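S.K.: Please work from the sequences and hints to get the whole structure.
2 protein chains.
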Amino acid sequence: MAKTDWKAEAKTLKKKLNKAKARLDTAPVATTAKVKTVSPLAPKNGFPALPDIAGVEFAAVEAGVRYAGRTDVTLIRLAGGTAVAGVFTRSSTRSASVLDCQAKLKVDVPRGAGAAILVNSGNSNAFTGRAGVRSVEAVTGAVASAMDLPQSRVFSSSTGVIGEPLPHDRIVAKVNDLVTGLDPRGIEMAARAIMTTDTFPKGASAIVQGEGGEIRIAGIAKGSGMIAPDMATMLVYIFTDAKIAPARLQAMLSRQVDNTFNAITVDSDTSTSDSLILAATGKSAAAEVKAGPVAAAFEAALKGVMLDLAQQVVKDGEGATKFVEVRVTRAATPEDAHRVAMAIANSPLVKTAIAGEDPNWGRIVMAVGKSGAAADRDKLKISLGDMVLAEKGWRSPSYSEEDAAAYMKRDELVLTVDLGMGRAARTVWTCDLTHRYIDINADYRS
Amino acid sequence: MAKTDWKAEAKTLKKKLNKAKARLDTAPVATTAKVKTVSPLAPKNGFPALPDIAGVEFAAVEAGVRYAGRTDVTLIRLAGGTAVAGVFTRSSTRSASVLDCQAKLKVDVPRGAGAAILVNSGNSNAFTGRAGVRSVEAVTGAVASAMDLPQSRVFSSSTGVIGEPLPHDRIVAKVNDLVTGLDPRGIEMAARAIMTTDTFPKGASAIVQGEGGEIRIAGIAKGSGMIAPDMATMLVYIFTDAKIAPARLQAMLSRQVDNTFNAITVDSDTSTSDSLILAATGKSAAAEVKAGPVAAAFEAALKGVMLDLAQQVVKDGEGATKFVEVRVTRAATPEDAHRVAMAIANSPLVKTAIAGEDPNWGRIVMAVGKSGAAADRDKLKISLGDMVLAEKGWRSPSYSEEDAAAYMKRDELVLTVDLGMGRAARTVWTCDLTHRYIDINADYRS
Numbered sequence: 084m085a086k087t088d089w090k091a092e093a094k095t096l097k098k099k100l101n102k103a104k105a106r107l108d109t110a111p112v113a114t115t116a117k118v119k120t121v122s123p124l125a126p127k128n129g130f131p132a133l134p135d136i137a138g139v140e141f142a143a144v145e146a147g148v149r150y151a152g153r154t155d156v157t158l159i160r161l162a163g164g165t166a167v168a169g170v171f172t173r174s175s176t177r178s179a180s181v182l183d184c185q186a187k188l189k190v191d192v193p194r195g196a197g198a199a200i201l202v203n204s205g206n207s208n209a210f211t212g213r214a215g216v217r218s219v220e221a222v223t224g225a226v227a228s229a230m231d232l233p234q235s236r237v238f239s240s241s242t243g244v245i246g247e248p249l250p251h252d253r254i255v256a257k258v259n260d261l262v263t264g265l266d267p268r269g270i271e272m273a274a275r276a277i278m279t280t281d282t283f284p285k286g287a288s289a290i291v292q293g294e295g296g297e298i299r300i301a302g303i304a305k306g307s308g309m310i311a312p313d314m315a316t317m318l319v320y321i322f323t324d325a326k327i328a329p330a331r332l333q334a335m336l337s338r339q340v341d342n343t344f345n346a347i348t349v350d351s352d353t354s355t356s357d358s359l360i361l362a363a364t365g366k367s368a369a370a371e372v373k374a375g376p377v378a379a380a381f382e383a384a385l386k387g388v389m390l391d392l393a394q395q396v397v398k399d400g401e402g403a404t405k406f407v408e409v410r411v412t413r414a415a416t417p418e419d420a421h422r423v424a425m426a427i428a429n430s431p432l433v434k435t436a437i438a439g440e441d442p443n444w445g446r447i448v449m450a451v452g453k454s455g456a457a458a459d460r461d462k463l464k465i466s467l468g469d470m471v472l473a474e475k476g477w478r479s480p481s482y483s484e485e486d487a488a489a490y491m492k493r494d495e496l497v498l499t500v501d502l503g504m505g506r507a508a509r510t511v512w513t514c515d516l517t518h519r520y521i522d523i524n525a526d527y528r529s
Numbered sequence: 084m085a086k087t088d089w090k091a092e093a094k095t096l097k098k099k100l101n102k103a104k105a106r107l108d109t110a111p112v113a114t115t116a117k118v119k120t121v122s123p124l125a126p127k128n129g130f131p132a133l134p135d136i137a138g139v140e141f142a143a144v145e146a147g148v149r150y151a152g153r154t155d156v157t158l159i160r161l162a163g164g165t166a167v168a169g170v171f172t173r174s175s176t177r178s179a180s181v182l183d184c185q186a187k188l189k190v191d192v193p194r195g196a197g198a199a200i201l202v203n204s205g206n207s208n209a210f211t212g213r214a215g216v217r218s219v220e221a222v223t224g225a226v227a228s229a230m231d232l233p234q235s236r237v238f239s240s241s242t243g244v245i246g247e248p249l250p251h252d253r254i255v256a257k258v259n260d261l262v263t264g265l266d267p268r269g270i271e272m273a274a275r276a277i278m279t280t281d282t283f284p285k286g287a288s289a290i291v292q293g294e295g296g297e298i299r300i301a302g303i304a305k306g307s308g309m310i311a312p313d314m315a316t317m318l319v320y321i322f323t324d325a326k327i328a329p330a331r332l333q334a335m336l337s338r339q340v341d342n343t344f345n346a347i348t349v350d351s352d353t354s355t356s357d358s359l360i361l362a363a364t365g366k367s368a369a370a371e372v373k374a375g376p377v378a379a380a381f382e383a384a385l386k387g388v389m390l391d392l393a394q395q396v397v398k399d400g401e402g403a404t405k406f407v408e409v410r411v412t413r414a415a416t417p418e419d420a421h422r423v424a425m426a427i428a429n430s431p432l433v434k435t436a437i438a439g440e441d442p443n444w445g446r447i448v449m450a451v452g453k454s455g456a457a458a459d460r461d462k463l464k465i466s467l468g469d470m471v472l473a474e475k476g477w478r479s480p481s482y483s484e485e486d487a488a489a490y491m492k493r494d495e496l497v498l499t500v501d502l503g504m505g506r507a508a509r510t511v512w513t514c515d516l517t518h519r520y521i522d523i524n525a526d527y528r529s
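Sequence lines, in order, name chains W and Z.
If you count the first sequence from 1, position 244 lands on 327 in the working numbering, and the numbers rise without skipping.
If you count the second sequence from 1, position 64 lands on 147 in the working numbering, and the numbers rise without skipping.
No wet-lab data here; the hints were simulated from the structure.
Check each hint, because a few of them may be wrong.
For identical chains, the list gives no copy identity; a pair is met inside one copy or between any two copies.
[Claimed, not checked] Think about it this way: if two alpha-carbon atoms lie no more than 30 Å apart in a straight line, the pair counts; the simulated DSS-like pairs of lysine-lysine are:
1) K386 <-> K102
2) K187 <-> K462
3) K475 <-> K189
4) K475 <-> K373
5) K326 <-> K373
6) K102 <-> K90
Just so it is clear, the structure is predicted and the values come from calculations on it, not from any experiment.
M.R.: Following this line, the structure appears as structure tokens:
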């Protein structure tokens, strides 16, 4: 064995070490937080305990729609007599399953028929032409046949990559397994199975005192996660054991969606697949919900569940680190209030300032100005929490940069814009715009 | 001297080297390009040679409005007989100087009077209440007095931080130096002095053959840069030696702004200070521009200069690495064409896909769907350059992921959406959404 020349070896190592040090010196500074498994805004106590809703059962299986090794198809069985209501994306390029749900909800069905909802992730079946319609026919037909339901009572949702044919045979092949696996206590499993790149499962519930018994409401949602990655799609399913006429249920849902799911925004983009289905099984011991105080209490509880789920969707917005409530008050009209609120909530400059914990109220002034709503510089008042930042056309005399900067460090912020023009108000919820949003969305589809 | 134990030394070095290697392995991956002094989309040959415009002189000084060590106040003198036209931000919270310019442009002035434009950076004098109005009075009054002009012919622009009182005394103190320094060849100096965090000065020009002589047009612009950082403000000044009536000049400007400066977007946010002033000195030997072929040629050349400057503003958009032309054709109405084009150009999901060089046409389908414009999935055709990506409600049979991905690597992209609904068209220009945009805008104001 040749004798080692330790001096030469030391010299070589020294050179290598210097090179490595030089590379370390020029290595990029971390500009993005490490990929987190769970949003920093997720509920601290995990998935909530949800009450079982009599007449609702859940199952989930792995069908390999796009990826292996995860549950990607969910079946929900709704007992005979269930009333179903729904609201859907207004996109003019909405998916085949959305169009199918909308058509089915217009059909009058015998009160006694049950219903089912089938959800797949991995493929949105959007922009898939006539083949997309055939896929919806295939999966809803298979469920109808396996469960002995009219096909007009089988609803479906798809979320995932768009423009790719849905491999519906893989789903159809699993329908019997799904039916066999139905479980009345499976709501959390369903909340997990509909997730795409959501970082936590989303659930919310309420119990209302009806006449002769309690009425339960429980809902699940998936939000701004992505598959592929592709569009963020919101899917929401809410269940109640209330006895209620379908038309009344639909009316309540349509009324409450405006101040809940239509009052949130992550990035101003609208999915082709957003769907919310509300099902009332009628299995509660309470009397039928008609007009009156019980109906009002039920609608308020329903709104609470919807708002909770909607806010969880924002808190799981792509890259979100801050949850922001934007309150607009004293606008000239409701339309103006909405325009100002959304102009602020969607402004990239406002959202990046929030990410940077910068109380940059000038950008809020800018967003008010660009909204197109009636505004008067000298009547505008902008507040952060309880602190007035600007009023009477000028920075507020009570403004403290230090206090404002400290407030911006919170996880949850309230921005209030008092327009001083009229009596209309609007509150919306959004999140900040961070590097992580770019990371998630600028990666080439894998 | 103690004998070196090279073996021990080598061991120590080896350990250090391994540690350094381990640190290198866990060093963050570069997610942002290094801060570049100049946008990758800047003109390759630097600032263009611009023709002198007879009757226009420029000066710039350091007044320390906010920062020391840079020119921050610019004065432009316009000879007697100059016609002035302007277009301004539609923001309802526009700045004091914008409101002042708009008021002054409504005043009829004797044809013989000259005019001046004073521009400061560092402070936008927006949302500064009555003090803001007094600042505009002070600076335009000082210029009027030093140059013996009616105050109604002294226009001003301010760009920079908002909500801070403009230290107008510092500007007023420099007016005499500015007047002394006026230089007919100073346009490039002015283009540089109005820059904020623009990464390159922007200029464009044209020469038109008039009756009896040539007519020259030269313009400068500043774009989506920031001070403080605060809002991106666009300021544009265009000069010509044409003889032309003010009303005709204004009409041409108003007509051409729609397809130039109103057809660009960086991030959908609108500044409170955007201003475009067009001045015609009448010093050309050519006959007055009235109706007819010379007027048409002049207007076309003016549009060319405006479009060139507008596109340079996009190419210097915050964090831009790609310049994107969005063409919408065969829309039902011009409003629909504009809505679709802007929905695509402002979509964070489309813009991040472009940053990631991902030919993700599904996001374009989404943007069409959310725009609210009349669209039919089966009539929609989406192209990238000459490649058809999607048509007839489905991915195009000729689609090649490889070719599309190769195309996405270009600096300049053309996206075309053929709606197949009617005869209206609209082209707009935008840039991608990158980490650098977040870096620039999420930093705490320093």
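S.K.: Next step is simple, just say for each hint if it's right about the structure.
M.R.: Here is what the structure says about each hint:
1. K386 <-> K102: So K386 and K102 fail the 30 Å test inside a copy (61 Å) and across (55 Å) alike.
2. K187 <-> K462: between (49 Å within a copy, 25 Å between copies)
3. K475 <-> K189: Answer is between: at 27 Å across copies they meet the 30 Å cutoff, but 52 Å inside does not.
4. K475 <-> K373: Neither: 49 Å inside a chain and 47 Å across chains, both beyond 30 Å.
5. K326 <-> K373: Only inside one copy: K326 and K373 sit 9 Å apart there, 77 Å across copies, limit 30 Å.
6. K102 <-> K90: both (19 Å within a copy, 21 Å between copies)
Hint compliance for this structure: hints 1, 4 are broken, all remaining hints hold.
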